[in-house]
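Chemist: Sequence:
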Amino acid sequence: MKKLIFKIVILVIVLFGGNCKQNKSPELINTEIPQVGKINQLITFKVKAKDPEGEKISFKFDFGDNNQSDWSSYFLSESTYSDTHTYQYPGQFVVQVKIKDIKGKESDWIKIGEIAIAPLTPGEVFWVFVCEEEGDTASFYSTPIIDEEDSLIFVACEKGHLHAIKFNGKEKWRFSLLEEERIISSPLMDDYKNIYFVTEDGKIISLTKDGRLRWERDLFNPFYASPALGRNNEIYFQSEDSIFAFSITGEILWTKSYGGGNNSPIVDFEGNVYFASEKDSFFLACNYNGITRFIFTFDCAVINSPFFINSKKILLGLENNQIVCMDTRGETLWSRILGEPVTSSGVLFDDTNFYVVTKYGSIYKGDGNGNFIPVISISCDLTSSLAISKDNYLYFRASWEDSEDDTLYCFTTDGKVIFSIPIPGEDESEDWEILASPKIGPDGTVYIATAKGLYAIVGKEKAKNTGWYSFRKDNRNTGRR
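Residue numbers (my numbering): 859 to 1339.
Be aware that one or more of the hints could be misleading.
To be verified - 25 angstroms max Cα-Cα, derived SDA-like pairs, lysine to any residue:
| hint | residue 1 | residue 2 |
| --- | --- | --- |
| 1 | K969 | V952 |
| 2 | K918 | Y932 |
| 3 | K914 | D966 |
| 4 | K896 | P1300 |
| 5 | K1223 | I1195 |
| 6 | K1114 | S1100 |
| 7 | K1030 | V986 |
| 8 | K896 | I970 |
| 9 | K1223 | V1233 |
| 10 | K1310 | K1274 |
Claimed, not checked - Label-pair restraints from in silico Cβ distances:
| hint | residue 1 | residue 2 | range |
| --- | --- | --- | --- |
| 11 | T1107 | N1227 | 19 to 29 angstroms |
| 12 | N1179 | K1051 | 16 to 26 angstroms |
| 13 | T1190 | T1107 | 32 to 42 angstroms |
The set of hints was computed from the structure by calculation and includes no laboratory data. For glycine and all other residues, C-beta sits at the position ideal for the given N, C-alpha and C.
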């Protein structure tokens, strides 16, 4: 009898209990969350989920600021759901979502991302990215590049790292050299989003956009200048002793034994490349095959990285306080004495006007005929290059030898100061005169490298994105007209 009862129980379990499926909680498929936002701005979050049993599903958000949404209405499985939220104060917030099916089966809280909320007031610090190793905070000397499409900033530090930083200030990845080598010059991004940078000791590194090593070359030359991008994605470098042209795959195309300094090369519409020299006082032009087009020697050092004011005119700053305009054939069109040396690159206002800043902080508006109008003067010891926004706000950095802090300035094109904010200064004992320059992101945030990390500061408007609008021409640091 007992055996019969046991068999009946087993049969019931097989026929009925074995067919009972456990109700599983819904699963998240996809999310869309912005990396950054601003106070009092309506921000949209999107999620897509499915239910294993195909039941309708509902969503609930935790916005990370002690606020949660109510449960939504029920939607078909694999539907995309949107919710909005307005943050009342700045900071970094973790956003989570919970999903339940129509039978009440809930998932755990699922992290869908982090959002950085910026203050409203221009000139306030949004966030600071810091690289610390063994209790030491790394200095950042290079001007960053901005990949607007992938919402990333790339910047190098003195510890031998290239950092990929999200717009919310979180590090996505870092590439580290096997040996700690300082990186002084600025990185470059080519048309395929490959990244190039050079160490102070002469290593040239090429990475993919996700931080994998493509190739590495050791040239055993000190490098302080930044590279330039050719029309066919060849890369030009200028060291203390030589000039190099590399293919996109890392082969040396040609080289010349001309000394450089802090001057970075530039490339014109036709692919010709131009090199200036602080060390040997020359201005050299070559075509993309390395054939010399002209070489012009000045009576004193060229102390800035040259820049284009239009397709045929190039400006150079000399040690004797001259600013010289040359055409792409090597002819001198005009020269002017500004009273102070120009050590940085300028920016274009429109097709005929540009702005330059002198080493000691005097800003001038100039035109293609050599007419200059003083705009504003900030008495300092060294300046960075300018950056200009879409609405024509100008940014630059000023440094003083007797101060631990530098200052980032924002002002209008007629000289009205919008804000000035102290940022950590760089080591004045260094033997180069290079200051990292500001870059403007697509939402107007200003990014600048300092002795204590990469600073993100609330700005006025996005970058101009036309003409020569920042150091190395654009947000990829191409140096290419």
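Chemist: Next step is simple, just say for each hint if it's right about the structure.
Modeler: Here is how each hint holds up against the structure:
Proximity of K969 to V952 is assessed by CA-CA distance (about 7 angstroms); at most 25 angstroms being required, the pair is judged to hold. With a CA separation close to 11 angstroms, the supplied pair K918 and Y932 stays within the 25 angstroms bound. Between K914 and D966 the alpha-carbon distance is near 17 angstroms, which keeps this suggested pair within the 25 angstroms criterion. Restraint check: the Cα-Cα separation between K896 and P1300 comes to about 14 angstroms, which is no more than 25 angstroms; the hinted pair holds.
Only pairs whose Cα atoms come within 25 angstroms are accepted, and K1223 paired with I1195 is accepted, the gap being roughly 14 angstroms. Between K1114 and S1100 the CA atoms are separated by roughly 6 angstroms; this keeps the pair inside 25 angstroms, and the hint holds. For the suggested pair K1030 and V986, the alpha carbons sit about 15 angstroms apart, so the restraint of at most 25 angstroms is met. A hinted pair counts as satisfied when its Cα atoms are at most 25 angstroms apart, and K896 with I970 qualifies at roughly 19 angstroms.
About 7 angstroms separates the Cα atoms of K1223 and V1233, which keeps this hinted pair within 25 angstroms; it holds. Under the criterion of a C-alpha separation no larger than 25 angstroms, the hint pairing K1310 with K1274 is inconsistent with the structure, at around 29 angstroms. The supplied range of 19 to 29 angstroms is broken by T1107 and N1227, whose beta-carbon atoms lie about 44 angstroms from each other. A hinted range of 16 to 26 angstroms for the beta carbons of N1179 and K1051 is inconsistent with their spacing of about 40 angstroms.
At about 38 angstroms, the beta-carbon gap between T1190 and T1107 stays in the expected band of 32 to 42 angstroms.
Taken one by one, the earlier hints fail for this structure at numbers 10, 11, 12, listed in ascending order.
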